[in-house]
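**Student:** Next come the chains, spelled out residue by residue.
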Amino acid sequence: QKEVEQDPGPLSVPEGAIVSLNCTYSNSAFQYFMWYRQYSRKGPELLMYTYSSGNKEDGRFTAQVDKSSKYISLFIRDSQPSDSATYLCAMSAGTGANSKLTFGKGITLSVRP
Amino acid sequence: ETGVTQSPTHLIKTRGQQVTLRCSSQSGHNTVSWYQQALGQGPQFIFQYYREEENGRGNFPPRFSGLQFPNYSSELNVNALELDDSALYLCASSSNQGLFFGEGSRLTVL
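Sequences listed follow chains A and B, in order. The working numbering applies: residue 1 is where the first sequence begins, and numbers increase by one. The working numbering applies: residue 1001 is where the second sequence begins, and numbers increase by one.
Treat the hints with care, since some could be wrong.
[Claimed, not checked] Computed cross-link-like contacts, DSS-like style, restricted to lysine-lysine with a CA-CA straight-line distance of at most 30 Å:
{"no.": "1", "chain 1": "A", "residue 1": "67", "chain 2": "B", "residue 2": "1013"}
{"no.": "2", "chain 1": "A", "residue 1": "56", "chain 2": "B", "residue 2": "1013"}
{"no.": "3", "chain 1": "A", "residue 1": "100", "chain 2": "A", "residue 2": "2"}
{"no.": "4", "chain 1": "A", "residue 1": "67", "chain 2": "A", "residue 2": "100"}
{"no.": "5", "chain 1": "B", "residue 1": "1013", "chain 2": "A", "residue 2": "100"}
[Claimed, not checked] Stretch by stretch, here's where chain A covers chain B in the computed footprint (C-beta under 8 Å, at least three residues):
{"no.": "6", "region": "1041-1047"}
{"no.": "7", "region": "1062-1075"}
What the hints contain is simulated information worked out from the structure, not anything from laboratory work. Built from N, CA and C at the ideal position, the CB exists for glycine as well.
Produce the entire structure from the sequences given, and follow the hints as far as they go.
**Tutor:** Below is the structure:
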């Protein structure tokens, strides 16, 4: 079993839809949870950064962490064609010098106009 | 804009050659990490440098080596290149707000 599993894709939705992206993990030491967006042939861009369990909202994006279930989600409201990209979940046990990230495989999202 | 710059952006090498990739991170970020991202996969941790010392290494052979300089810039060196080394190599610097990546260096090994 991989440390981080991400729902397989690709995912195609119409513009305006609510998108739900999910990851599960097995390592109880993970405390920091991130979502990255990666456009084709570019580096990953940090979208959301959360610590421990709970919700965090930033504009159209909401990140949820449930440490008891080892499950994290990213919700995108009112999805736009510009949201079309690969989304990667990532997590770590610490910050700074202990910030080694373990990534999911990524899911490719396409938002149809 | 992450403040992390990498060079070169693209390069092509042949099997058996050696390559050096460079990274300049944001001022004040004393931790730099390198990741390898194969096509269709998430990034895989290669190693991390903290104040010029290696501080953690992933499951990569010794022919992957690195350096961090006093100004916190960094190099990734790969010797005896293999076809499977073809990937996007990402450098990242750490802050309390997360890990920020550069645009990467795309290496093709023929």
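**Student:** None of the hints should be skipped; say for each whether it holds.
**Tutor:** For each hint, the structure was consulted:
1. The straight-line distance between the Cα atoms of residue 67 (chain A) and residue 1013 (chain B) is roughly 44 Å, outside the 30 Å bound, and the hint therefore fails.
2. For the hint linking residue 56 (chain A) to residue 1013 (chain B), the alpha-carbon distance of about 44 Å lies beyond 30 Å, and the restraint is violated.
3. With a CA separation close to 16 Å, the supplied pair residue 100 (chain A) and residue 2 (chain A) stays within the 30 Å bound.
4. The suggested pairing of residue 67 (chain A) with residue 100 (chain A) holds, with an alpha-carbon distance near 19 Å, which does not exceed 30 Å.
5. This hinted pair checks out: residue 1013 (chain B) and residue 100 (chain A) have alpha carbons roughly 28 Å apart, not beyond 30 Å.
6. Coverage of a stretch by a chain is defined here by at least three residues with a beta carbon nearer than 8 Å to that chain's beta carbons; for the region 1041-1047 of chain B and chain A the count is 5, and the condition holds.
7. With 0 residues having a Cβ less than 8 Å from any Cβ of chain A, the region 1062-1075 of chain B misses the three-residue criterion, and the hint is violated.
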